[in-house]
Amino acid sequence: MAAVPTDKANALLASLRAVTSRFDSSAVVGDEELAAAAATMRDLRMVLTEFPSLPPTSVPHASAVEQQTIARSAFEQACLLAVRAGDGAALERAWSQLVPFYGDLARALGPSADKPRVAGLYLLHLLVSDKLAEFHCEMELLSEAERAAASVAFPALLEARMTEGAYNRVLEAASSPPSSLFAPMVAAISAAVRDDAARCAQASYRSLPVDAAAAMLHLPSATALREYAAASHPDWKFESAPAAAGAASSTTAAAAGPAPRKAGPRVVFPASSASLDAIPAVPVIERTLQYANDMERIV
Amino acid sequence: MSSSAAAGAPKVKPDEASKPAPAAPLTVPETLKYHLELIERSIASKDPSLVQRVLRYANHIRKHIRTAELLEFVSSNIGNGEAGAAARALLEAAAALEPAAPAPPAGTDDASPAQSSSSSSSAAAAAAASDAKAEKPAADADAKDVPKRKPVPLTADSAPERAMYIGLLVAGVAARLGMWEPAERHASDLVQAALQLSRRTLDPLAGRALQLMGLAAERNGHLPALQPMLLSIHRTASLRHDTCSQAVAINLVLRGMLLQRRYLPAARLIEHVEATLPLDSSAQLVRFLFAKGRVLSISADYPGADACLTQALRKAPASTGTGFKQLVQKHSIVVQLLRGIVPERVVFAGIAGSDGGDPDKRMAAALLPYLALTQAVRRGDVEAFTACMEAHRSQLEKDSTLPLVQRLRRTVIRSGLNKITRAYSAIGFADIASLLGLDSAMDAEFLCAKAISDGVIRAELDHDRGCLIASAAEDVYATARPKEEFHRRIEFCLDIHTDAVKAMRYPPGAFKKDEAALMEARQREDEEAAFAKAIEEHDVFGEEDEEDEDEMDM
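Protein chains in written order, with my numbering: chain S, 278 to 576; chain Z, 5 to 558.
No wet-lab data here; the hints were simulated from the structure. Just so you know, not all the hints are guaranteed correct.
List of simulated lysine-lysine pairs, DSBU-like, C-alpha gap at most 30 Å [to be verified]:
id : chain 1 : residue 1 : chain 2 : residue 2
1  : Z       : 423       : Z       : 487
2  : Z       : 50        : Z       : 506
3  : Z       : 319       : Z       : 365
4  : S       : 285       : S       : 408
5  : Z       : 517       : S       : 408
6  : Z       : 365       : S       : 392
Using the sequences and the hints given, assemble the complete structure.
Printed below as a string of structure tokens:
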């Protein structure tokens, strides 16, 4: 049997770790360093092809455990690099390569120090890509201890708050991620959360003071709110004074409500379409014809 | 041999005891001999349904088989081959474990000691056994058959089937007494033998052996490790159109995956297999639906999960499989709560289905933690819900419903919000927060906004006054919702019809009489068509005629 090049792999791994360990802190990692790290990763993958004991072939060997440990660390580093580069597809690929090491081989290899970090990043990625089914399934596979780790508890908390609808809590939690690696994904989530919050506000309020609306959507100022509305909700109208009868153009209710309104600029939401009230004729006809067809077939 | 005064404890089933028996009840060895004759007839007539019937009978008597009787039966029927030796060794080991059989008085007293002795040893296996072998209903009537046929000679043709059947009984006895490792070895030997012989008449027996092997492997803790073998059995079974083993193998693989909580691979497997899953065994179908329901509920597809679990409950056998039905009912309750539907009170009294039936005390007792949870959810009381969840945590973990219950917090809050909206016409956010146990008025405001946008409550928020204004209740019948409800129910009925048509099985030769008539009718049709065509051709005068004549000249 040819000698297994574990030493070479270990050396490459060490140089990768030197780079990725600085991802967590806010130390600046230059582009050339990242490119160099990517090249090292490629070399490491080529060395790994010479390991005989990796799944799925898993030829038994004296150094099998060492090979598998090295491979697991290598794929974890690949995940970290992918996150830093913002490459979601590469992250998913690297995670899918990690799955056998975290599953069947976990008992033989012992716990991995990097697993909570990598798992937390992957879960957050699933959350950002709105893959909630996979999110829940992956959460099930983690043990209680792993779920308690800060990196994993972070996306779990975000998910819980998002389904509850407490968007203020989401944005609050999002402002303190466990490490700066999470930052880009957190920004993506904040954007999604903002869209959700805007939709909820539109459905529930007739109009809001502009400052309150900006605070609710976690936008820094009224101008930011106007920009946001112009970009994604062009049907929102802005008024600068309390609605007088006839001056408001888009509210459906004639009465502005007996409450004293705060003076100042307000954003007025369009009335929600009465989707539940109308009974659409064509679908009813189609369905009835379908029932007649089925009855004819059966009887 | 067929006299009913043979030695051995007369077997009296509890429900037969109260009736005057039309003839003397059969002893266990006689019953088994009758089964072997049935198997023989099945092979001779190539009718697989007789083998299914034998398996149903076996379900009835397996609790009453004494090892001594079975030992005798094995020696006289299998002979001294190695299969027989293995079976005998197993039985002798089992006899040591078995509690002493009671002295057999004739008459009705026999029912209770037989029940109590077998119930103590089968208490451990009862849940498992009812899990493993769900009976088909109305089989009671079959078992009371006292056969007045002349004994059928047993030929060598049916030898493998008979050996397999006896092997099944032996493994079943071992399983009943809790000897899981020998049972698993024995069952897996049977499965391998069936795979090699590849006889279609062995299929139901092989399927049963596979199920027993899976059950024993689970007790021994290594069901997931069997997955590669089970998948290869599935492949072979699909190639041979062996529907029994196919369904059993897939169900065992899924069960192993769910034990390891590998929901994503399970979901992918279900997706691939579902289209071609054979539907003829309702016991296997029900297990598959339960697995699918569990996977869907973890993936947060609650409407799909609800549909699967309710279907599983409806199709579950009426008289057995109580452990299974309890588990499915628990999952179904939690999934319905997650959808925002509160299950009806009769469900917790143990009545399956709302069309009445006797309340089942054991089911009601098993569902008590879930009743407490449902009450907390319905009241919208977050503290009570959390307290209840902590109190019953170990039970929920055992039922593997804990992850789902942990997601119920949102439902509790929503249901509380619903009640508030119906009770108040306007209420401030601070009050809502204190009623629901939330941390701040801002939280309450966001929650209400989300609930309104999800359509859970109909209200409006007023930020300036800091309150929620409930809208008037809408007239549901003026909307499209009744149409949707009707459509759902109609679709369900149509699905039942389609499934029933797909699952129909006709005995071979059912349509032979009709075939002659069919052929005749077809011939007549052909003649008529030819006649009509001929008329058409000669009907058109003029050019056509001349062309025809030209052609005829050539």
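Numbered hints the structure breaks, given as an ascending list
4, 5, 6
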